[in-house]
Amino acid sequence: MSSTDYNSDTITDMTPEPTAPPRVVVLISGSGSNLQALIDAQSHDRLGGEIVAVIANEPDAYGLKRARDAGIDAVALPHREYESREAYDGALIKVIERHEPDVIVLAGFMRILTPRFVQRFLGRMLNIHPSLLPAYQGLNTHARALADQATRHGCSVHFVTEELDGGPVVLQAELKVSADDSVETLKQKVQDREHLIFPIAVQWFLQGRLQYTGEGATMDGHRLPPHGMRLSHDDAAEELDESAN
Numbered sequence: 032m033s034s035t036d037y038n039s040d041t042i043t044d045m046t047p048e049p050t051a052p053p054r055v056v057v058l059i060s061g062s063g064s065n066l067q068a069l070i071d072a073q074s075h076d077r078l079g080g081e082i083v084a085v086i087a088n089e090p091d092a093y094g095l096k097r098a099r100d101a102g103i104d105a106v107a108l109p110h111r112e113y114e115s116r117e118a119y120d121g122a123l124i125k126v127i128e129r130h131e132p133d134v135i136v137l138a139g140f141m142r143i144l145t146p147r148f149v150q151r152f153l154g155r156m157l158n159i160h161p162s163l164l165p166a167y168q169g170l171n172t173h174a175r176a177l178a179d180q181a182t183r184h185g186c187s188v189h190f191v192t193e194e195l196d197g198g199p200v201v202l203q204a205e206l207k208v209s210a211d212d213s214v215e216t217l218k219q220k221v222q223d224r225e226h227l228i229f230p231i232a233v234q235w236f237l238q239g240r241l242q243y244t245g246e247g248a249t250m251d252g253h254r255l256p257p258h259g260m261r262l263s264h265d266d267a268a269e270e271l272d273e274s275a276n
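Numbering (the working numbering) for the sequence shown: 32 to 276.
There could be a bad hint or two in this list.
To be verified - Mimicking DSBU-like on lysine-lysine, the simulated pairs with C-alpha atoms at most 30 Å apart in a straight line are:
{"#": "1", "residue 1": "K96", "residue 2": "K125"}
{"#": "2", "residue 1": "K96", "residue 2": "K218"}
{"#": "3", "residue 1": "K218", "residue 2": "K207"}
To be clear, the hints were calculated from the coordinates, so they are not data collected in a lab. Everything numeric in this text was worked out from a predicted model, so none of it was measured.
Please work from the sequences and hints to get the whole structure.
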């Protein structure tokens, strides 16, 4: 075969198949406001992937309706139908793996995960938490911040590990706590910031910029500090069209 024959081969004229977008599975328990932020980002090509399934442990979770309205596979997997946490997580693993996700996003998923589950998906799970971790791990973060007379509060996106709310922090958004703030006002301000930063962190992960290592999280190959990257109160307020004061 001459070089001329080889160069004219139709293989060189083939059009590459379009690459399928990265796949996202979202776990929820309730209303799904962070899920909606992810859906909105996807609709504006700012997520970097496709949400292929939403799974809820509560069958009446409103987030399932949000998923169906967006044409996303909505799966109710009630945890009360399983005899143990281990049995439930085993079933959840099977449902998730059927969708072949590149990342699993915990958007208000109110379950403590078993070590088996965490190890199966380690490095591919992101969670949003309503505090500036490591402060206020667990529940009732807003009330605890107010009780401590904290002057700063906010939210954090972090990788999920076996330590509850203890995985490497990726991105935080800060707010100043005012004298007249209540649990409800803090909840709303923090949620606004969650909706701002969660899609950004998911997009970074799907772009390959954000990665998990055994020693922490890296961004563009650089090790992140313990608090990850942090959006200041003023910068977050500007993005959200809030008053910076």
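So if I understand the rule, the pair passes when the alpha-carbon distance is 30 Å or less; does K96 with K125 pass?
holds (22 Å)
Need the status of pair K96, K218: alpha-carbon distance at most 30 Å?
Between K96 and K218 the Cα gap is close to 23 Å, so the pair holds against 30 Å.
Check whether the Cα positions of K218 and K207 lie no farther apart than 30 Å.
holds (13 Å)
Of the numbered hints listed earlier, not one is contradicted by the structure.
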